[in-house]
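Peer 1: Listed below, chain by chain, are the residues.
There are 4 protein chains.
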Amino acid sequence: MPISKPMSLRDQMPPAHPFDDDKLKEECGVFGAVGVENAASVVALGLHALQHRGQEAGGIVTHDFAHGFSSARRFGYVRDNFTDAETMATLPGPIGIGHVRYSTAGSKGATQIRDVQPFFGEFSMGGAAIAHNGNITNALALRKELVERGSIFQSSSDSECIIHLMARSMGKKIPDRMEEALRKVEGAFSVVAMTRTKLIGCRDPLGVRPLVLGQLGDGWVLASETCALDIINATFIREIEPGEMVVASEKGVESHFPFRRAKSRFCIFEHVYFSRPDSILGGRSVYETRENIGRELAKENPVDADLVCPVPDSGTPAAIGYSLESGIPYAMGIIRNQYMGRTFIEPSESIRNMGVRLKLNVNRALVKGKRIILVDDSVVRGTTSRKIKEMILEAGAAEVHFRIASPPTAWPCFYGVDTPQREKLLAATMTEEEMRSHLGVDSLKFISLDGLYRAVGEANGRDPKAPAYCDACFSGEYPVKPADMVEQGFEMNTAAE
Amino acid sequence: MPISKPMSLRDQMPPAHPFDDDKLKEECGVFGAVGVENAASVVALGLHALQHRGQEAGGIVTHDFAHGFSSARRFGYVRDNFTDAETMATLPGPIGIGHVRYSTAGSKGATQIRDVQPFFGEFSMGGAAIAHNGNITNALALRKELVERGSIFQSSSDSECIIHLMARSMGKKIPDRMEEALRKVEGAFSVVAMTRTKLIGCRDPLGVRPLVLGQLGDGWVLASETCALDIINATFIREIEPGEMVVASEKGVESHFPFRRAKSRFCIFEHVYFSRPDSILGGRSVYETRENIGRELAKENPVDADLVCPVPDSGTPAAIGYSLESGIPYAMGIIRNQYMGRTFIEPSESIRNMGVRLKLNVNRALVKGKRIILVDDSVVRGTTSRKIKEMILEAGAAEVHFRIASPPTAWPCFYGVDTPQREKLLAATMTEEEMRSHLGVDSLKFISLDGLYRAVGEANGRDPKAPAYCDACFSGEYPVKPADMVEQGFEMNTAAE
Amino acid sequence: MPISKPMSLRDQMPPAHPFDDDKLKEECGVFGAVGVENAASVVALGLHALQHRGQEAGGIVTHDFAHGFSSARRFGYVRDNFTDAETMATLPGPIGIGHVRYSTAGSKGATQIRDVQPFFGEFSMGGAAIAHNGNITNALALRKELVERGSIFQSSSDSECIIHLMARSMGKKIPDRMEEALRKVEGAFSVVAMTRTKLIGCRDPLGVRPLVLGQLGDGWVLASETCALDIINATFIREIEPGEMVVASEKGVESHFPFRRAKSRFCIFEHVYFSRPDSILGGRSVYETRENIGRELAKENPVDADLVCPVPDSGTPAAIGYSLESGIPYAMGIIRNQYMGRTFIEPSESIRNMGVRLKLNVNRALVKGKRIILVDDSVVRGTTSRKIKEMILEAGAAEVHFRIASPPTAWPCFYGVDTPQREKLLAATMTEEEMRSHLGVDSLKFISLDGLYRAVGEANGRDPKAPAYCDACFSGEYPVKPADMVEQGFEMNTAAE
Amino acid sequence: MPISKPMSLRDQMPPAHPFDDDKLKEECGVFGAVGVENAASVVALGLHALQHRGQEAGGIVTHDFAHGFSSARRFGYVRDNFTDAETMATLPGPIGIGHVRYSTAGSKGATQIRDVQPFFGEFSMGGAAIAHNGNITNALALRKELVERGSIFQSSSDSECIIHLMARSMGKKIPDRMEEALRKVEGAFSVVAMTRTKLIGCRDPLGVRPLVLGQLGDGWVLASETCALDIINATFIREIEPGEMVVASEKGVESHFPFRRAKSRFCIFEHVYFSRPDSILGGRSVYETRENIGRELAKENPVDADLVCPVPDSGTPAAIGYSLESGIPYAMGIIRNQYMGRTFIEPSESIRNMGVRLKLNVNRALVKGKRIILVDDSVVRGTTSRKIKEMILEAGAAEVHFRIASPPTAWPCFYGVDTPQREKLLAATMTEEEMRSHLGVDSLKFISLDGLYRAVGEANGRDPKAPAYCDACFSGEYPVKPADMVEQGFEMNTAAE
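If you're matching them up, the sequences are chains A, B, C and D in order.
Each residue of the first sequence is one higher than the one before, counting from 1 in the working numbering.
Each residue of the second sequence is one higher than the one before, counting from 1 in the working numbering.
Each residue of the third sequence is one higher than the one before, counting from 1 in the working numbering.
Each residue of the fourth sequence is one higher than the one before, counting from 1 in the working numbering.
Just so you know, the hints here were simulated from the structure itself, not pulled from any lab data.
Everything numeric in this text was worked out from a predicted model, so none of it was measured.
Be aware that a few hints might be false.
Same chains, same label: a pair holds when it works inside one copy or across any pair of copies.
Stated by the list, open to error - In silico BS3-like links for lysine-lysine, alpha-carbon gap of 30 Å or less: (1) Lys144 with Lys184; (2) Lys263 with Lys481; (3) Lys172 with Lys368; (4) Lys368 with Lys299; (5) Lys465 with Lys173; (6) Lys172 with Lys23; (7) Lys184 with Lys172; (8) Lys368 with Lys173; (9) Lys370 with Lys299; (10) Lys144 with Lys173; (11) Lys387 with Lys198; (12) Lys198 with Lys251; (13) Lys251 with Lys173.
All chains, full assembly: derive it from the sequences and hints.
Peer 2: Set out below in structure tokens:
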């Protein structure tokens, strides 16, 4: 396997997923537990509930005093790798953390197992492991400096900087070293870490990525989303605050605020697509927020039609909302093949050519002769949208109206989401009418940015001077300067500044 | 691996699926293609679309004149086994058949790879392969006789009888031998078979299991359901008729009726659960039929409530129908983990204990304080229903009303469906009120058998003298005597006769 | 995988082993045990000791009354497949048989797992398994007839005929059926078989292949060679006689002679190469016989030289004999890489090109400037001999004299040995002087056929009217007509008749 | 897998090999090539020839400018892991190094893949990889200091210190950094390293472990032994001198002597056992040296007997020497199973109980009634020797006389050889007569230390003031103080100082 290659940042962007190139991809989910029996099983269940945040690989580290730290990292689903009794027996102890990942900012082409988190380091006072959701926007600069001083990197991941900064810190305790390390790091991060006895969680000052605290018996858990608390029947205590670091152990939970305070800028796309509908964000079910988005969308963009159909499964709550608001009946016009959770490895050509048919089928007898409103969560490249339109017209639909539950996606994300290069984003190069014509549909409408803010609970819409969320993918306004990317020549939306 | 053991039929019934014991399981899907480029890929795609009919294993046989017959049989999903270019290259040729299976009437405990179809036999005039959906009700008697005459069985499958009967036939052509063999066989069968140049399809005289014919370019395909035609963009020609045998080749399609004619008794449960909602049965979308069932259910069993929620995914169309008929809003109160397609292999105990939580999560913030109507397709053992009820009450629902889109399942199926022993069926031992009390819900109502017949299109409901469908699982009236089972002591519903 | 293809017998001859094409290959070893604790482990140890008789694959069948018959068949070495506790636990019982194989007369190209023995059949009175060492010379004709009557073959192996003949027999007991089957079979066979309680062994009337009986505690074992008795510390009782069938059970050992009596024609090449040097044949150590062959060779073909070196490892005992007889010091001039037990799978080209260097290295500092006598057991194609000569000359040897411990191999074997087609045998197309010139050595001498007979104990050499051994590979005189081959056009050495 | 655990050095000693506990184990072989086509294949062939120096795992690193550095590390034999075209294609380039290992000083229990060399580090001026044969005697102290300064270790190997010392060096070029690093390291090392264009080799000042230079076309190779030059047909140029560092590139070979000069103390056990008999050490074939040892042994310890038999395979050359000197005929009284190259993984109990029988068998018919001299290379724990004696007496030998080709092994090695703890060494706790009685043989004699020195070419035997070799395993005189071990409480042979 390749272990080192000079490459530009542009090269490092992973190729889009062959059959899913019309979706953005959350890059990670994190989970940790302390003070619980068989922490590895608790972590595995939590990661299973967070699998939608990263399907490529996962890892778990645990500790007990009889065996020291133990680790397992594997490609593939949690359910396939971290459920059998044999593997779980190799991960003993009452404390553990875990990570699921989609892909990395670091490696070109295939991810290597050494890029799979958690990362582990042995310090003079003992070992520590960390798992990171987000993206470090000054990782290249940090890495260069660390290598010059003698650190040896094992992975191509931006997250490895944190453990090397910790190793070089002169802090006496690991949480102190972690604070020091994270103060040198820019970008978005929700980090879960562990020592032999302590579980540590931390969110960046803007709180771009989610992280929640739960209680399980006498122990504590940290998770990217509340759905991971439900699966283990843990009690949801609260969200970790932007800029907060918590240290949980058998003695309880301590809270620190090691960074300069800043106004929260949570990722609005978590509401639109990334988070699971049964998770709770800001006190409300994500499902209900999405139903609201559908209602707003129906108010802003009504159309006369026979059926409202979701593009499954992510468009479903918004489609139900659209149907409830418009009074047009909801129906499953497109059926998803539930055995298509994962893509094919080096498929034969005739199979690759089937593309979206492997995953979706039109309910032919249902849509024939009908005027169909298709509700989808977003349009990224537009390739899947075109194929769905073709399938539904082939099946005899009379009209096809696309309604999109987010504004046009026109800018890449640098905070932990896998987005195509800007020129591949349909909305970066086309007007709405050009997109409609390109997709070949009867109408195409997006919810407005204000409408989206209303749906997530901002009654007055977006405050352009101090937006409550990070919406860089729609607005091009980046709350943290993507330093490495700007160094490489990326041009931000200066108009918006 | 065990290769032979004396066992009673009762022993041979496979243990219920650990997390899915509240569903009946279709045991097989079949597919065949002739006159197409790269038949193996066409067959693989068809089987992928039929994966819901059997998830345990699959196999494909192809033929071309340069390589002879080729075969591959594997445990697991089609998408994991029959998509890579390397495997597909080992299956050359313009003709092929395939099979997916859930489990067999033959083997106790784990299925062996030698039980995976298609089965192949080399006869003096050339080879033939067959794939069978259904169940042969006189298989034990046939097997005994064949062994006494010197046939060596390789599997524990009832279907292997067919190929041995063909081997011993004195027919000059393979289709003649197949006719002769199938005339000796009792029970339910939809068979797809192939010679070097001919694709053969046949349904039993009652047509219990489905089989459809499609056209793909100049070639022909046979499939259990029309959704398998859609995935390869084939044209749906017609259903194979009960008792019909078709022989398709590059010259076209011939039709024969080798059996004594009988009134059709198609499996009504295909409408309720087995078939995919996007398949077409009897000229109508299965989805629409299920929506109709939901409407009938709402008419027969109304209740005042806040939300109609499906038990995902199989209860969804009936729940939508119930909502449309009742006017009570439809909502996704239970979210399915989409990464839970397959169960765990030897899970650690703490993971096994999570049971249904691994697969389903209640949308906590949504259902809190609400009166919920839960729509499910059927109740088999009732174990999952109990757990769902517990989860939804834990999440704070005010009331829970179960509405079931089929009548009480009180009798085992002997025609190709995996059912528990009769005493494990909740409805075999309890009245409706006892079931309600056992499940601990506010109300529990099933659609009536007449209501179900109306929903599938019989305006006058069920004709008790000549029912249009096989409904033995509800009525105990078996249209073909299950000879081997009766021999073993099974008592049919003689009251009904 | 291919499951059927019309092919000529000539096609069916497996391609020579890439790095071992200068050796004949014994095709099988068989072993059985009854009345012992954990028969599978006993069988596995026996097969491990017989691994030199077949390295490609192996299989074991056992029986106990709690589990019925159990089977495991695998590609690769016994030590890799049949030693771990997990596999062995799947093979319970006090009776079992096993088989190791090199390659088959049946399949072209790669062997399929379904060709790996033992073969198993379920008859009306119970199951039986058989393992066969040898070759059935009328297998094609038998197979054709069996298929016409409705038998379905699962493998391409000639040995499968036996189990089908047994299935069709009307004998009441399995040993009776086996007698009846073996009377229809022509060629060479040492068969080990088992029922639920009986271990059966049988040699063909000429006794071409070896089979011995041993005792282990209260139980009995059958093995191809005595070295397989040593490894389990069993007592060597006697050789099974040509044409004898023994039936061993907890009650003891019965003996039958079901065939017409004939004069023994044991394979003389077992003495030269196939059998292990620590086995006992005809009351004498094979090692001593080979030392004798070396002495005879030195008497017949003396030469003045500095060192006698074996071609390792098979030439070693004859080289020691040559040294003892000639007084020329014995030395290891060629060193064998002991990690080269198995050949490479699809090696890269640069590695394939190294050929014999991967396996052998000349002891450069030792041979430099010396006159070397190289003793090898046989010359088949001569390819390896040429490469060894090149290596030894490159290392600076002054002279190279080849001495071969068998007569020129000029005819293929049809009794269970893998030989190239006749035209590939060096001695079939060249005189001794032509071979010497082709190999480019200073001298090349073979032991005479009479010398070989003297060395194995026939004081008067070979009796041309009634030879004591099968020596068809040297003489072209086939003691059993190879019927299928003659049908295919093979011409025997009629001059010799 | 465990990734960290506090353990004492004593714990870290790997458990003896179940069937080979009577041998010392060389821990590593190294190989490198530059300026050759397809370096990975050249390295793989070299490692295959060095497999006797380490069988547990192996690794290769290569570099070319199109792909950067590439790496593959695997458990098992070179022939199984590094020969297939697919793997070799992942290791492109004209420069590469490789390593085979038996076991490590670092990890308790099973080795982890991250302990497998070569180790790689990316420095600011580019990457470097190293492979190490030997043992660093101050590794624990160095590691402690490096961790305190922020280095993160990935393995438990002592060798990883070198790459971290290089990473922290301020040297401008990688060879300078390597010199600086190796000056801080104590103990025995023969290191092969590579940059993008340079192949570097270095031996410690005493030259304890071997390293040789060869030429292949226009390129250069470094190897532990000359047998690895032979396999690729390279020309043996010379041994690297003790304390020498060579830097080979397309421009030629430079030589440096970065350390204080010292008198050579080459490991005398390389002559006795570790090196392959076809390698050349000090200008002479190792085979001939061992034959000489046998002759010396015969002179020092004659006995009247019928046969001289080696304990295969390592005792063979000395047995031949003993036979030549004594005039007693040489014979193969014990036959080694050539399919037993590797041990069983978790064998079932009945198989484990067979112990040495799996590997060796007595040539029963040959030894019966004879007086046997058994020649072995060394006695470590004595367990195998006892079993061999039992087997040979069981087979009926009249007398057994052990002759050992090395002095009693009474002290552990700390320079790269896996030895049991001192108290497990038979000679550490027993006199020669006690050992004879313990083994139960008629006589037991070892060659004297002076005799061994004479056999390796020191005509006057050992100079006690300035021995020409490291013979610490016999004498307890350690030429480099084993600092970490002394820190842990190990007591050296101070009497000898």
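Peer 1: Run every hint past the structure and note whether it holds.
Peer 2: Here is how each hint holds up against the structure:
When the C-alpha separation of Lys144 and Lys184 is checked against a cutoff of 30 Å, the pair qualifies both within a copy, at 14 Å, and between copies, at 26 Å. Taking identical chains as interchangeable, the C-alpha atoms of Lys263 and Lys481 lie at most 30 Å apart only when both belong to the same chain, with a minimum of 16 Å there against 62 Å between chains. In this assembly of identical chains, the alpha carbons of Lys172 and Lys368 never lie at most 30 Å apart, being 70 Å within a copy and 47 Å across copies at closest. In this homomeric assembly, Lys368 and Lys299 come within 30 Å of each other (Cα to Cα) both inside a single copy, at 27 Å, and across copies, at 27 Å.
When the C-alpha separation of Lys465 and Lys173 is checked against a cutoff of 30 Å, the pair qualifies neither within a copy, at 41 Å, nor between copies, at 53 Å. For a Cα distance limit of 30 Å, the shortest separation of Lys172 from Lys23 qualifies neither inside one copy, at 44 Å, nor across copies, at 47 Å. For a Cα distance limit of 30 Å, the shortest separation of Lys184 from Lys172 qualifies both inside one copy, at 18 Å, and across copies, at 28 Å. For the homomeric pair Lys368 and Lys173, neither the shortest alpha-carbon distance inside one copy (67 Å) nor that between copies (44 Å) is at most 30 Å.
In the homo-oligomer, the alpha carbons of Lys370 and Lys299 lie at most 30 Å apart both inside one protomer (22 Å) and across protomers (26 Å), since each shortest distance falls under that limit. Taking the shortest Cα distances, Lys144 and Lys173 sit within 30 Å of each other both inside one copy (26 Å) and across copies (18 Å). For the homomeric pair Lys387 and Lys198, neither the shortest alpha-carbon distance inside one copy (50 Å) nor that between copies (34 Å) is at most 30 Å. In this assembly of identical chains, Lys198 and Lys251 lie within 30 Å of each other by CA distance solely inside one copy; the values are 10 Å within and 56 Å between copies.
Taking identical chains as interchangeable, the C-alpha atoms of Lys251 and Lys173 lie at most 30 Å apart only when both belong to the same chain, with a minimum of 17 Å there against 51 Å between chains.
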